[in-house]
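S.K.: All chains should be built: construct the whole structure from the sequences, respecting the hints.
Protein chains: 2
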Amino acid sequence: MNQVIELLNSHRSIRKFTEQPVSQSQVNSFVAAGQAAATSSFIQACTVIQVNDTGKRESLSEWAGNQAYVKEAPVFLVFCADMNRHKISCDMHEAEMLSGFTEQFITATVDCGLFAQNVAIAAESEGLGLVYIGGLRNKIDLVAEALELPELVYPVFGMCLGYPDQNPEVKPRLPLEVVLKQDAYDDSSDKDLIAEYDHQVREYYATRTGGQKDMSWSEQISGMLQKEARPHMLSFLQSRGFLKK
Amino acid sequence: MNQVIELLNSHRSIRKFTEQPVSQSQVNSFVAAGQAAATSSFIQACTVIQVNDTGKRESLSEWAGNQAYVKEAPVFLVFCADMNRHKISCDMHEAEMLSGFTEQFITATVDCGLFAQNVAIAAESEGLGLVYIGGLRNKIDLVAEALELPELVYPVFGMCLGYPDQNPEVKPRLPLEVVLKQDAYDDSSDKDLIAEYDHQVREYYATRTGGQKDMSWSEQISGMLQKEARPHMLSFLQSRGFLKK
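Sequences listed follow chains A and B, in order.
Residue numbers for the first sequence follow full-length UniProt numbering, beginning at 1 and rising by one.
Residue numbers for the second sequence follow full-length UniProt numbering, beginning at 1 and rising by one.
Do not take every clue at face value.
Dumping the calculated EDC-like pairs for lysine to aspartate or glutamate here, alpha-carbon to alpha-carbon at most 20 angstroms [said to hold, decoys possible]: (1) B:Lys245 with A:Glu103; (2) A:Lys191 with B:Glu148; (3) A:Lys139 with B:Asp183; (4) A:Lys244 with B:Glu228; (5) A:Lys16 with A:Glu169; (6) B:Lys213 with B:Glu203; (7) A:Lys139 with A:Glu62; (8) A:Lys191 with A:Glu177; (9) B:Lys244 with B:Glu151; (10) B:Lys71 with A:Asp183; (11) A:Lys171 with A:Glu196; (12) A:Lys139 with A:Glu228; (13) B:Lys244 with B:Asp141; (14) A:Lys191 with B:Asp91; (15) B:Lys181 with A:Glu145; (16) B:Lys227 with A:Glu94; (17) B:Lys244 with A:Glu103; (18) B:Lys191 with B:Glu203; (19) B:Lys139 with A:Asp183; (20) B:Lys245 with A:Asp141; (21) B:Lys191 with A:Glu94; (22) A:Lys56 with B:Asp186; (23) A:Lys139 with B:Glu103; (24) B:Lys181 with A:Asp141; (25) B:Lys244 with A:Glu228; (26) A:Lys244 with A:Glu103; (27) B:Lys56 with A:Asp183.
Label-pair restraints from in silico Cβ distances [claimed, not checked]: (28) B:His199 with A:Glu96: 16 to 26 angstroms; (29) B:Val170 with A:Glu96: 26 to 36 angstroms; (30) A:Gln20 with B:Ala68: 43 to 53 angstroms; (31) A:His199 with B:Gln212: 54 to 64 angstroms.
Hints in this document: simulated from the structure, not taken from any laboratory.
Every residue, glycine too, gets a C-beta built ideally from N, C-alpha and C.
M.R.: Below is the structure:
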């Protein structure tokens, strides 16, 4: 295994950071590495808002469900799926832009995923740690307002960045056979494999350094899926010009 | 700039591969690295179908718009957003799964993006090259059928992998100021910056080794956005249990 793959395999979320500052040139280099990721049909549909303002950080932290690290991390980035610059491009050529397609929503959202993962790896390669913040979608309308996002731009997730002040264990993942299938989708062994994996996750949660609990993977997932999942998302996205057809 | 960031910055799509085979243990290690990426609330919602069958490869190649490399690449992977295993988990605990939320569609799709980008970087770190294949969504219903995807699973994109038999230039990206903003979205300089960037892209297309053309970025984007974008996507996704609310 080479050092890059070792780096990828050693990922764990970092939620506590030292006081060591992260320079703007470091942030710029991480974001430039994000830009270097593949982009669907060259659309380059990801925009990053770096949030420095203390008041905005406090609001975002609260809206994300009182996640203190959103406020405290040396750097906080919001990754936005962005088709506003495509509107600008169409206007430059007096072309009518056909928008609102689900396909466009997918390509812009995937662009953000590829981009952000490059940012994450660039940061980790320099010894920083990070955690993705999906909780921004709790109050996505307030986030969009605070960041002055125009139509055709939505905040997909945030990311806290800084030097780690904790050293959590790597969380075990599903058996490879569950996530890698040959030629067709065959889930006939999945239930048994998940049940085995459940023991491993229960062991991980029972013995990890921080926040021990008694919980298996399937238990955690089934608990989560009995609740509604941010039911405001569709109407918000439609109001911003996405997912209309 | 460290070597990892150099690797990230050197990405370009590879569409022509040597005969050098890629072993199954290499593929397994790339996919395991994919699993190591962050995953929203631990949902692990990405499944990879490795397509080896020659007949299926030919069909996929044709459906993706006759992209020969889909057939010819040593390895072809299809990344699927997958909530089937969450249904299995709910059944294991006799829990009712609330599905169809746009939020779940986003988390599963983003999971695939983070996962796939780790696979891409792992492969590039070993000297392989790759290209993402969004064209699978041209005929997404046929792809889903050929790969026997159950409800709550959809193919987001494919990826061709192998050792490069070409050495294309890195494509220039938008100026950093367009994609990285401070504290709020401000696009007042974007039009000018895009116009400058247009010259750079035109120069790149005019002088690159393969497939020279006379085209700027905003021209390419505005041309693309005057056409409908895979208008079948929403009804397909809804028929598979996604984006219902």
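S.K.: Take the hints in turn and mark each one as holding or not.
M.R.: Structure-based check of each hint:
1. B:Lys245 with A:Glu103: 17 angstroms, holds
2. A:Lys191 with B:Glu148: Holds, because 18 angstroms separates the two Cα atoms, which is no more than 20 angstroms.
3. A:Lys139 with B:Asp183: 17 angstroms, holds
4. A:Lys244 with B:Glu228: Holds - the C-alpha atoms of Glu228 (chain B) and Lys244 (chain A) are around 13 angstroms apart, at most 20 angstroms.
5. A:Lys16 with A:Glu169: With Cα atoms ~14 angstroms apart, Lys16 (chain A) and Glu169 (chain A) stay inside 20 angstroms; holds.
6. B:Lys213 with B:Glu203: With a Cα-Cα distance of about 9 angstroms, the restraint between Lys213 (chain B) and Glu203 (chain B) holds, given a limit of 20 angstroms.
7. A:Lys139 with A:Glu62: 10 angstroms, holds
8. A:Lys191 with A:Glu177: Distance ~12 angstroms between Lys191 (chain A) and Glu177 (chain A) Cα, so the pair holds.
9. B:Lys244 with B:Glu151: 13 angstroms, holds
10. B:Lys71 with A:Asp183: The given pair, whose Cα atoms are some 14 angstroms apart, holds under the 20 angstroms limit.
11. A:Lys171 with A:Glu196: 15 angstroms, holds
12. A:Lys139 with A:Glu228: Satisfied, since the Cα-Cα distance of roughly 15 angstroms is no more than 20 angstroms.
13. B:Lys244 with B:Asp141: 18 angstroms, holds
14. A:Lys191 with B:Asp91: 10 angstroms, holds
15. B:Lys181 with A:Glu145: 15 angstroms, holds
16. B:Lys227 with A:Glu94: 14 angstroms, holds
17. B:Lys244 with A:Glu103: 15 angstroms, holds
18. B:Lys191 with B:Glu203: 19 angstroms, holds
19. B:Lys139 with A:Asp183: 17 angstroms, holds
20. B:Lys245 with A:Asp141: 17 angstroms, holds
21. B:Lys191 with A:Glu94: 13 angstroms, holds
22. A:Lys56 with B:Asp186: It holds: about 16 angstroms lies between the C-alpha atoms, which stays within 20 angstroms.
23. A:Lys139 with B:Glu103: 13 angstroms, holds
24. B:Lys181 with A:Asp141: 19 angstroms, holds
25. B:Lys244 with A:Glu228: 13 angstroms, holds
26. A:Lys244 with A:Glu103: 11 angstroms, holds
27. B:Lys56 with A:Asp183: 8 angstroms, holds
28. B:His199 with A:Glu96: 16 to 26 angstroms: 25 angstroms, holds
29. B:Val170 with A:Glu96: 26 to 36 angstroms: 33 angstroms, holds
30. A:Gln20 with B:Ala68: 43 to 53 angstroms: Because 50 angstroms falls inside the window, the suggested range holds.
31. A:His199 with B:Gln212: 54 to 64 angstroms: 58 angstroms, holds
Every hint from the earlier list agrees with this structure, and none is contradicted.
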